[in-house]
Amino acid sequence: MAKDGLGLEIELTLALPGGGGSEASGSMEKKEKKRVFSEFSGEETNTAKKNKMVGWPPVCSYRRKNSFSEEEGTKMYVKVSMDGAPFLRKIDLSPLEGYSSLLMSLEKLFFCYIGEGESSEYVPIYEDKDGDWMLVGDVPWKMFSGSCKRLRIMKSLDAKGIGLHAKDLLEGISIEA
Amino acid sequence: MINYFPEEVLEHVFSFLTSHRDRNAVSLVCKSWYNVERFSRGKVFIGNCYAISPERLISRFPRVRSLTLKGKPHFADFNLVLHDWGGYVYPWIEAMAKGCTNLEELRLKRMLVSDASLELIAKSFPNFKSLVLVSCEGFTTDGLAAIASNCRFLRELDLQENEVEDPRGQWLSCFPDSCTSLASLNFACLKGEVNLAALERLVARCRNLKSLRLNHAVPPDVLQKILARAPQLVDLGAGSFVHDPESETYNKLKNVMQKCTSIRSLSGFLDVNARCLPAIYPICINLTSLNLSYAPGIYSKELVKLIRKCKKLQCLWILDTIGDKGLRVVASACKELQELRVFKSDPNDVGNAAITEEGLVAISAGCPNLNSLLYFCRQMTNTALITVAKNCPNFIRFRLCTLDPITPDAVTMQPLDNGFGAIVQSCKGLKRLSVSGLLTDQVFLYIGMYAEQLETLSIAFAGNSDKGMVYVLNGCKKLKKLEIRDSPFGNMALLADTGKYETMRSLWMSSCKVTFGACKSLAEKMPRLNVEIINEGDEMEGGSDDRQNVEKMYLYRTLVGPRKDAPDSVWTL
Chain A
39 MAKDGLGLEI
49 ELTLALPGGG
59 GSEASGSMEK
69 KEKKRVFSEF
79 SGEETNTAKK
89 NKMVGWPPVC
99 SYRRKNSFSE
109 EEGTKMYVKV
119 SMDGAPFLRK
129 IDLSPLEGYS
139 SLLMSLEKLF
149 FCYIGEGESS
159 EYVPIYEDKD
169 GDWMLVGDVP
179 WKMFSGSCKR
189 LRIMKSLDAK
199 GIGLHAKDLL
209 EGISIEA
Chain B
3 MINYFPEEVL
13 EHVFSFLTSH
23 RDRNAVSLVC
33 KSWYNVERFS
43 RGKVFIGNCY
53 AISPERLISR
63 FPRVRSLTLK
73 GKPHFADFNL
83 VLHDWGGYVY
93 PWIEAMAKGC
103 TNLEELRLKR
113 MLVSDASLEL
123 IAKSFPNFKS
133 LVLVSCEGFT
143 TDGLAAIASN
153 CRFLRELDLQ
163 ENEVEDPRGQ
173 WLSCFPDSCT
183 SLASLNFACL
193 KGEVNLAALE
203 RLVARCRNLK
213 SLRLNHAVPP
223 DVLQKILARA
233 PQLVDLGAGS
243 FVHDPESETY
253 NKLKNVMQKC
263 TSIRSLSGFL
273 DVNARCLPAI
283 YPICINLTSL
293 NLSYAPGIYS
303 KELVKLIRKC
313 KKLQCLWILD
323 TIGDKGLRVV
333 ASACKELQEL
343 RVFKSDPNDV
353 GNAAITEEGL
363 VAISAGCPNL
373 NSLLYFCRQM
383 TNTALITVAK
393 NCPNFIRFRL
403 CTLDPITPDA
413 VTMQPLDNGF
423 GAIVQSCKGL
433 KRLSVSGLLT
443 DQVFLYIGMY
453 AEQLETLSIA
463 FAGNSDKGMV
473 YVLNGCKKLK
483 KLEIRDSPFG
493 NMALLADTGK
503 YETMRSLWMS
513 SCKVTFGACK
523 SLAEKMPRLN
533 VEIINEGDEM
543 EGGSDDRQNV
553 EKMYLYRTLV
563 GPRKDAPDSV
573 WTL
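Quick mapping for you: the protein sequence lines, in order, are chains A and B. First residue of the first sequence: 39, per our numbering; consecutive thereafter. First residue of the second sequence: 3, per our numbering; consecutive thereafter.
So here's chain A without its partners, still in its complex pose (with noise of 0.2 Å):
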């Protein structure tokens, strides 16, 4: 709750001085909340007088954390294709953690196994916001998912013929950590 710095308000008003509680306590944000709710004129949007309650509606935190989608922006969905499927998925790159989490996610989407190793039958690959097709697992993290377009789930096989490995796709993970 933000409060002013000396927890005073001084507020010209008709009423006698000292009279009543919420002009002696202080708090801007209970000021506030009065103000929308007895004042309804009607100038502040609906959302900016919700964003000034607290617990309103009143829907249980775990629901909130859990169900409702969050404001826009944090969600970062891709369009992910793989070799020989015949439609694209969609992936939500902003709650995972790491590379290690996005391909367990791809790998769970699409039912194969990507893994990190040289026997693996495909490789993740993504365009970027230059329009660049690039190897997973260069460059950090959130500076990945910042510049991730869309993803691709190559075949290993065309992959060594364009000179992209899985075993530089392994170093990119474990530099990542």
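In short, the hints are calculated from the structure, not lab data. Hints may contain errors.
What the hints assert, rightly or not - As a list, the in silico DSS-like pairs of lysine-lysine whose alpha-carbon atoms are at most 25 Å apart:
(1) A:Lys103 - B:Lys111
(2) B:Lys314 - A:Lys146
(3) B:Lys193 - B:Lys261
(4) A:Lys103 - B:Lys193
(5) A:Lys167 - A:Lys103
(6) A:Lys187 - A:Lys167
(7) B:Lys227 - A:Lys180
(8) B:Lys313 - B:Lys256
(9) A:Lys146 - B:Lys227
For chain A, the structure is supplied; the task is to place chain B on it using the hints.
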């Protein structure tokens, strides 16, 4: 004459008494009945863990086998109470471990449960069978591992809406191979991965498993394998339900679902692809309970297609994405509906997904057995509420929440007093009520006049003056819990009937007009009440100015005086 019955006979007779009220009444008859009753009482319910101490509980009921405890006040759910306010379960476990090792069942709500508590439970009670934790926090999956490893006769582990840290332990694998007694396992609220192979083996060997609620980490292919092993399930919470409807897995799942003819209750779908919902269609006709309130992103059309098939539904929890149109379908399909909860899908979304009074009116017209409602809506009217009251006189729980807490009647722009008045007048069995919208003292006059069975009342941003609160305190003879926020009730109301609070479990008032001085004088007058002032930050620095408004006050009756575990920010007067 009845005093000459030997105690064994009395004990046998009392063993048929299950309700607390009956047993409490019986123990008041005479000393010998008091003693026989207290040694035979197996189940104890404690609505406020600070009303009594564990030592006194055990000395009166030394053979307690089942204990239910509730900790934080209800408004803690909405972040109005500090995390460390209290409600620690450890002292209770410690006391029971010393004096009452017969404990078999522990049910906790809004309490702080540490891993140490769980470990102590696991060590101390050889017959421990059932652990139910609702809206608790403070523990991790390490604590669960201790329960799994040591409670040899565990029948029930039910975790509902808890905040649990998961340091990637393998708690599920800790159930030993010898554990075959599980009948109910609910870990839907856990965020982490689980050992899927261990889960499958556990399900396979627990032939009595009737209730299983999985978390998001259990994918559809594992779900399919589990259902194949446990067609006897009655209650299922699906975890992840996202897969390709063309796939082999999906086919297998569809086939196995058809065999699960015992499933009556369905929930979960924590991650769901709506195109996969047809897999559930075969069991819809048997469902009495459906909870899709945690299933994100199912559009109204698909929801409706599903619900239309659930003709025997008695309990439905959904998101407001269903819309008024969808609620009309529910009204026409689910004639036996008793409980409906419609939650907000997005707290900031004002327009699209919200439902209105029309949906509620439709439900009331189609579902005359409706007795329990939680309804988050964009708007409401008096006419609608009056119609609902006429259609459904059997409400026991009626909780309405408008998005804007002081929104008036959407048509007449009048307060919603008359609408709620109709509800309390018509529903003579109403026990729980939450009011919302623009409301004056008048609504409280109605509540005081008509709500004779009311036990719990929640008030937010309502009323004009102290009179409102006084109407309620004077009128509602069975009132147990009163919780008020942001309403202009002050000292006169607080002190109007101080004796009343000893007949109630608790009173919560936040952002109202009660002052320190009034709270202090109440506390002085009533030694058997704990009057707690909760201060976040530095409101206390100015000393105790008696005229200063109190931000949050929580008072409750107690037999054991002020508690000793309150944090610095909580001041017991």
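25 Å limit on alpha-carbon distance, applied to hinted pair B:Lys227 and A:Lys180: Outside the cut-off at roughly 37 Å; violated.
Holds or violated: B:Lys193 with B:Lys261, Cα cutoff 25 Å? The hint is violated at about 30 Å.
When you check the alpha-carbon spacing of A:Lys187 and A:Lys167, does it fall within 25 Å? Holds - the C-alpha atoms of A:Lys167 and A:Lys187 are around 6 Å apart, at most 25 Å.
Distance restraint between A:Lys103 and B:Lys111, which requires alpha-carbon spacing of 25 Å or less: 19 Å, holds
Restraint status (C-alpha distance of A:Lys146 to B:Lys227 at most 25 Å): Judged against 25 Å, a Cα distance of about 17 Å means the pair holds.
Holds or violated: are the alpha carbons of A:Lys103 and B:Lys193 at most 25 Å from each other? OK: A:Lys103 and B:Lys193 at ~12 Å, within 25 Å.
25 Å Cα cutoff - pair B:Lys313, B:Lys256: 20 Å, holds
Are the Cα atoms of B:Lys314 and A:Lys146 separated by 25 Å or less? Violated, because 35 Å separates the two Cα atoms, which is more than 25 Å.
CA of A:Lys167 to CA of A:Lys103, is that 25 Å or under? 31 Å, violated
In terms of the numbered hints stated before, the structure departs from hints 2, 3, 5, 7, listed from lowest to highest.
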